[in-house]
Structure formats: C-alpha cells, structure tokens
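**Student:** Dock chain B against chain A, hints included.
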Amino acid sequence: MHAVSVSAKLTKREAELLDRLTREYGFISKSEAIRSAVRLYLNLLELRARDRLRALQLINELIAPSARMSSELIEEAHGEDDEL
Amino acid sequence: MRLYLEPSVLVKLFKKEPNTEKMIDVVGAIDERRDWFGCTSRWTLLEVARALKKDGKPKELIELNLKELRRHKISFIDPKKMILSDAEQMLTSYNLYASDAVHVSTFRLADRDRRLDAMLTDDRHLRRFHGILKALTLDQISL
Chain A
1 MHAVSVSAKL TKREAELLDR LTREYGFISK SEAIRSAVRL YLNLLELRAR DRLRALQLIN
61 ELIAPSARMS SELIEEAHGE DDEL
Chain B
85 MRLYLEPSVL VKLFKKEPNT EKMIDVVGAI DERRDWFGCT SRWTLLEVAR ALKKDGKPKE
145 LIELNLKELR RHKISFIDPK KMILSDAEQM LTSYNLYASD AVHVSTFRLA DRDRRLDAML
205 TDDRHLRRFH GILKALTLDQ ISL
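Heads up: the sequence lines are chains A and B, in that order.
Here the first sequence is numbered in the working numbering, starting from 1 and rising by one per residue.
Here the second sequence is numbered in the working numbering, starting from 85 and rising by one per residue.
By construction, these hints were calculated from the structure, which means they are not laboratory data.
Even glycine gets a Cβ: it sits at the ideal position worked out from N, Cα and C.
So the derived label-pair ranges between C-beta atoms look like this:
{"id": "1", "chain 1": "A", "residue 1": "T11", "chain 2": "B", "residue 2": "R211", "range": "41 to 51 Å"}
{"id": "2", "chain 1": "A", "residue 1": "R20", "chain 2": "B", "residue 2": "R86", "range": "44 to 54 Å"}
{"id": "3", "chain 1": "A", "residue 1": "R39", "chain 2": "B", "residue 2": "D109", "range": "20 to 30 Å"}
{"id": "4", "chain 1": "B", "residue 1": "M166", "chain 2": "A", "residue 2": "Y25", "range": "47 to 57 Å"}
{"id": "5", "chain 1": "B", "residue 1": "K106", "chain 2": "A", "residue 2": "E32", "range": "35 to 45 Å"}
{"id": "6", "chain 1": "A", "residue 1": "S29", "chain 2": "B", "residue 2": "D119", "range": "44 to 54 Å"}
25 Å max Cα-Cα, derived DMTMM-like pairs, lysine to aspartate or glutamate:
{"id": "7", "chain 1": "B", "residue 1": "K137", "chain 2": "A", "residue 2": "D51"}
{"id": "8", "chain 1": "B", "residue 1": "K157", "chain 2": "B", "residue 2": "E105"}
{"id": "9", "chain 1": "B", "residue 1": "K100", "chain 2": "A", "residue 2": "D51"}
Chain A on its own, in the form it takes in the complex (with noise of 0.2 Å):
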C-alpha cells in the first residue's frame, strides 16, 4: 500500500488533548488516533448527502446543544444588523 506522510501543527491544548485521548482509547500512537480520527472525518463527508446532513445534524446537537431555534436566532442576528 502506498502511503503519504502529513504532518500537521497542533496547539498546546490539541497536543494535550491528544496525548489525553490517545492514552484513554487505548491507541498504540499519537499517530495511530489521528490517522483514525482522519478517516472517521473523511468518511463523515464521504456519506450520502441526506446522511451527511443528519450526521452532522446529530453532531452539532452533541458538541453544542441548544434549546434555543433557528428562527429565534436568525431574528436577533437581524437586530444586531440593524443596531450597527
């Protein structure tokens, strides 16, 4: 298998995130999480596109949940426009 080398600049507290997960999934190498973390991420994108929105859909509610609606929230951006 041919295989391509990326490297990639972190921040601090990437670096340690990373080193974090790394050790709590058990995986044999900082390389190895990424290398996984890139193919779910290529994956996700690569879905249907119907999937691909839901999946994404499910993600947003699971990073930043919020009870607040899309309406409510468009509206108050329009507030802001019409302050400046």
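**Tutor:** Relative to chain A, chain B alone:
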C-alpha cells in the same frame, strides 16, 4: 418546486427542532430531482454563520456546516448593486430588517430570471413577508 431559501430554514439543517428532517428532505430534493430548484443570497452564509455562533457552536463546526451548505445544489446569488438599491427602496416602503430587504430583493431578481414558486421561511418571518411576496413554511411543502 422552485424555492428561495431564507436563512432560518437553512439553520434548521444543523439543529434538532420541528421540521429539521423535512428540511433535509427539501435539500435532498433540490440535489436529486430535476423539478426542484433552490437558491438564496450569498449573504445567507453570513447570517447562518452568525446564527450558529450565537447558538454556541465552535469555529470548526461552523466552518464545516458552511462547507456542507456549499456542497449542495443550492444556487448562491451575489448581492449585486442592483439588489442593494432595490433593498434600499424596500426599506423605505415596508417595515423590514435590512437583511430581510436584501432577501426580498434577491428573491425578486431570481424570480424574474428563474421563475420561483415561493420563499421558504419559518412562521416568525412569514408574517413579515406577507403582502410583499409569496412565502411558504415547511409545513406547507409536500415532497
């Protein structure tokens, strides 16, 4: 169905609330069916980004959501000078937010060139567009 997509219905794609599944189906229909067409102003991307920011979504997720929006067959119309001039006149005639006026003017331009059926919006905004253009909510759409 040929629709102008107002930002509040597009934000639904990234939230769990009533009609979010239906909005996914609308975008799916725009992607897959020749009898469906969807457009919006390029300004909408900024409004969606701001709404998601206000909703507490992190930068990377907002960027991913916007990239996702651009991946579909939704046409993004540039806010040209002609649209902004028309929006300016709308503001003097109707009680609209500046952003709403840009959407109404963009809708009118798109309608002239591409014969739209309606603007797809939410209940809250529907009232504001009443008497200015034909607006529909997701409840009024059948797929």
